[in-house]
Each structure stands twice: as C-alpha cells, then as structure tokens.
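**Student:** For reference, the chains in residue letters:
2 protein chains.
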Amino acid sequence: MDPSQVDIPPLKDLTIDNITENVHMINSRCPDPRLKYVMERLVSHVHDFARETRLSTSEWMAAIRFLTSVGQICSDVRQEFILLSDVVGLSLLVDSIDHPKPSHSTEGTVLGPFHTHDAEHSSNGGTISHDPDGSPCLVLCTVKDTAGAPIAGAKIDIWETDSKGFYDVQYADRPGPDGRAVMESDGEGLFWFKAIVPVPYPIPHDGPVGKLLKLLKRHPYRPSHMYFMFDKPGYDHLITALYLRGDPYETSDAVFGVKESLLVDLGTVNAEQAAKYGVKEGSKLMTYDFVLVSDKEATQLREKEAMAAMEKLGRRMKLYQGLPVPEVD
Amino acid sequence: MDPSQVDIPPLKDLTIDNITENVHMINSRCPDPRLKYVMERLVSHVHDFARETRLSTSEWMAAIRFLTSVGQICSDVRQEFILLSDVVGLSLLVDSIDHPKPSHSTEGTVLGPFHTHDAEHSSNGGTISHDPDGSPCLVLCTVKDTAGAPIAGAKIDIWETDSKGFYDVQYADRPGPDGRAVMESDGEGLFWFKAIVPVPYPIPHDGPVGKLLKLLKRHPYRPSHMYFMFDKPGYDHLITALYLRGDPYETSDAVFGVKESLLVDLGTVNAEQAAKYGVKEGSKLMTYDFVLVSDKEATQLREKEAMAAMEKLGRRMKLYQGLPVPEVD
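So the protein sequences, as listed, match chains S and E.
To convert, note that position 50 of the first sequence is 50 in full-length UniProt numbering; the numbers rise steadily by one, no gaps.
To convert, note that position 328 of the second sequence is 328 in full-length UniProt numbering; the numbers rise steadily by one, no gaps.
Chain S with its partners taken away, still in its complex shape (with noise of 0.2 Å):
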C-alpha cells in the first residue's frame, strides 16, 4: 500500500487513558456502517474489560492459548467455539434479540452444535431413531400461526440424541443420520413420528469449554429435550426443544435453554392411539402445539425493541438494514 494513502490522523504514544479513541478513529474509515458500529462497540467493552480487571499478561496469553485451542478442536462435526457461546449465555441472549416472540407463541432456544444438513426425509408416521435401547416415544404435534390457523407444508428438523446421550454426528464411525429427520406438515397442521424417550447428556466436555466449566465448578449436563427447527416461507425462522419436565438438570442447564413454556410431561399411548398410529399401547406420547411468527410480526418487534433499547442507552441511532447504526456518524 502506497503510504501517502494513509489519511488517518496521527496515532502515536498510546496509553491505558487514549487507545480505545485512537482505535476507533483508525477504524472509522470503514464505509459499512454496521460494522462500523459493532466494531466500535466491541473494541469498547474489550478494552473496558481489560481496563477493569487490570488485565495481567499471564492472563492475557492464557485467553491467547484458550481460544487457539478452542478454534483447533473444531472440525466438521465439532464447533467448540459455538459450545463456548453457549456455555456464557451469549447463544440465548442472540436468539432472543433476534428472535422475539410475542406472547402466545413458540419461545426459541439454544440451535446447539449438532444440527447437521444431512437427516433423511421423514413422511408423517416416520421412524427417526432406531437405537433399539431407547424407549419408544410418540409424538403428535401441530403448527399454526398467531391466529391459531393451520401451517401447512412447514418444513420441520428435529434431532435427538441416543439412549446413551449422544448425537449421531458424536460417534466415530457414524454409518449415517440416525436421531434426527427432516418432516413436513400437513394440511391441517400436524405432523407425527416415532421417537425415543430423551435423555440427560452432557455437552462434549473434553475439550477447553469442558476444562473451562470445570475450573467454574460447573456440570456439563443438559436436561433431556428434543430439538425442532421450523422453516416456512413467510414465517419467522424458529429453533425450540422440548423439555421434560422434572428432568434432575431442569434447573441447572449448562446452555441456559429451559423454558417454562417448553417443558411438557410424557403422556401414554391408549388403545385407540396404538392402533391409530401403529405404536405399542402404554408407550410414552409427547404432544405440543406449536406457534410460529409470521416475518412481519417479527421484523416490527425485533425493530420496536431495537429503537427502546437504543433509547435506553441514551444513543441517537437509525435502522440500517433492520440493525441499529448510529443516526449521524
């Protein structure tokens, strides 16, 4: 780079009092104004944040050496930086700012690092786990908008882990998809499938979050769920689980995703339903309704609650592509 197209101002003998100034001015040539903005943010909170825990070298080369492992135990089954977002409740935090749900519909949770684009398309009646250990699990479900119509052709993921409590993807020698499908809704709504019975697992705890969660004093459990992931043109993007309730980790979940809203009790299949749905009498029964946004619903709160936190903080701000930046630069 030539260097008479340097035309930022003099930066030179930067202190604790006047680099976080200094950084910002050397990044306000960015002509995004978004990045702009969260790049401004985030130099602010990383330096505050060193400023107020005055921030030893030791420390600092051991966040150094932390996050290089985190990024070197990532692989294509493996995401230990998603984990770590978990584990500090940013994952919740983002999916609540991102995904605001007026009341009376499906509340969002944690994705988590194992949804995979593989699961094998499943018709209504489908079997999606075939661990001969778990315990057979039906489950009905419907979903509908705001005003309680029927969603039909609803594109619907769901993913569950074994008997044992791992995922598919966590096994070596993975012969293929199990525990998980992708399932469409139909006309009125519904769609139904054959599961098992989820259970407790800890989130992978052999890498650095796992050592991190340690050195906290905390488990690594998550309390059983099933996930679901809805996807519908015209409707705001949902990923939800479902809880049982009274689950040992229903109030310790070391992602931060229960939900009162979400936690359901296991029914049994009666005689009528067993023949119905071609399942063994006595089995358990999950059942939900569940309640997507339309895009427009979420665009106008996601927007509304932007423009009062942004009053909150006192900053005079504009919407640039439905994400805050500042009004005057």
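Hints in this document: simulated from the structure, not taken from any laboratory.
Mixed in with the good hints there might be a few duds.
Copies of one chain are not kept apart here, so a pair can be met inside one copy or by any two copies together.
Derived lysine-lysine pairs resembling BS3-like cross-links, with alpha carbons at most 30 Å apart [said to hold, decoys possible]:
| hint | residue 1 | residue 2 |
| --- | --- | --- |
| 1 | 312 | 296 |
| 2 | 194 | 276 |
| 3 | 144 | 214 |
Since chain S is already given, all that's left is putting chain E on it; use the hints.
**Tutor:** Here is chain E on its own, set in the frame of chain S:
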C-alpha cells in the same frame, strides 16, 4: 455428575434482561476469586455488547466462523489470535496495564507474534543478521536502572526482519534462526552488535485478521523497528522496540506500538568507530540507552494504578496475588 450435587439456585426462563445475572450466579461457585471476577466482567461485557448492537444471529454466526478460522490458521510459527489482539489495540493496552513505567524508564510496546525461543547466543560485536541485501547497521546500547547505575548480565533478546520485511520464521524453508540473537550486557551495562537497518513490513495479512483489516479499510503495515526484550532477575520484564523516525508508517502503525520515546534517528559510523567496532565507515549507526524498572518499583506502581482504577469505577476491591478482586464476595 450426581444431580443432587447441583446446589445453584434454579435457572429457567432466561431472557434478554435476566440472562446476565443468571450466568453470574451459575459461575459464582468458582473457587478462584480472580477467575470469578474476570468471568463476571467478561460475561457482562459480552452480553452488553450483544444488547447494545442487537447482534443478529447471522452476525453471531459470522463471528463464530471468523474466530474458528483464526484458531485454525494458528501453528507453531503463526499466532493469529495475538495478531487479532494487536490490531484491536488490546495487546498495547494489556502491556501498558501490566508493565507500568515510571517517567525516565524505557517504555514498552507490543510483543507481536515473531519472538522465538531458538535464537542463538551472541557475544558483544556479533552479527545477528546475515541478509546480504540488508543495509549494515551498527547498534550500540546500554542498559541501566532508574538511578542510572549500569545493569550487568541482563539477558537481551533482539529480533528484526530481513531486508524484505520478513522474519526468519515466515520462510517455510527456514534453515535456522536469523535476524535474531540473545545477548548479555557487560559489566558496564553495554551491549552492541551488527544488524541491518530495519524496514517497514506488513503483519501477515493473508489470513482472517488481514481480511478484517481490509473490511475496515486499514493497511497492515508496521513502521521500521527492531525488537528488544530484557530479562534480569529483580527487574520488570521489558518488551520494547526502537522505531526509525520519519518512517512512512510512523503514525499509522497497524498494531499501535509507536511511542515518541522509542523513535530513533540513525547516525553514521565515523572513522574512529569503524576501527573500534570493525565495521565500514559510513554505515548506519543506532544507539539507545535503555532504562529498566525494578520489580519492586513496577509492582508498587502496578498495584497503585490498579487500586486507583478500581476506585474510579466505584468498586470495593482488594488485591489478590497482585490483581484486583471484589472486597466482599
């Protein structure tokens, strides 16, 4: 883990507004008061960052991917997380906090990712760079304490790029260390060696950090400099560098390292010096008198500045192993 050992208060229904206090609560069982405080500040800042930017899921995912790629490009000879810390001013800030300098002592600067532990030992008068294209530079230095007394036997690590702006470790076929040495000051606190005139160079910008700089419209260049790192029992570890005054990047260093007190004007070796030091008359000459701070002075100043900063924050803190933690837990 036995669920009956879960003794934290119930966590459920976590929202944008209550997630932070609940993450603090689950982390509050950490037995190390310093780690607990650092995590409390980290979680607060990360959450506030998300709330103040209304971070979207797609931005969060971009950040997850970015951090993963930063981790994955790291190797034995490349530390991209240190680069990232450097370009956001964090490295300079942490060094300033951890190694405060009383006036009249030599200021510190960023370590950068190119220090190695395999440099050869050199006696006074040794040649540290064997690049035939480099412009020869005689370097004559002293190292003293803040009272002006010479410091004998200080271990000094010196490193610089070759004439093309690359450190030895940046060559895949590096035969061994070059452009670096470990020296020792003599009884008068003197050390001197033959090097080459430093040149400006870009930090490695073919990875994720380089991409970030590009998005921010920042150049990756550092002004010409030579690194010096001092180790001597009883004295605070000093990482510093001498910068050539008038360098085209003197006031826009990509990693914020330049300080007025570290700028040098190169001189010219005269006939007497040429004879005394065995170099060509007319070659370049760099001289500097380094001043180290004693451990005691540094500790006192660090602790005084830490407590003053905590008071300014309105936090009731005490020192634990020299670093702030809350007075009452």
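**Student:** Between copies, within a copy, both or neither: which fits residue 312 and residue 296 at Cα up to 30 Å?
**Tutor:** Result: close within a single copy only, 24 Å intra versus 46 Å inter.
**Student:** Is it within a copy, between copies, both, or neither that the alpha carbon of residue 144 lies no farther than 30 Å from that of residue 214?
**Tutor:** neither (42 Å within a copy, 45 Å between copies)
**Student:** Is the C-alpha distance from residue 194 to residue 276 at most 30 Å within one copy, between copies, in both cases, or in neither?
**Tutor:** Cα proximity of residue 194 and residue 276: one copy only (13 Å, versus 90 Å across).
Comparing the model with each numbered hint stated earlier shows that hint 3 is the single one that does not hold.
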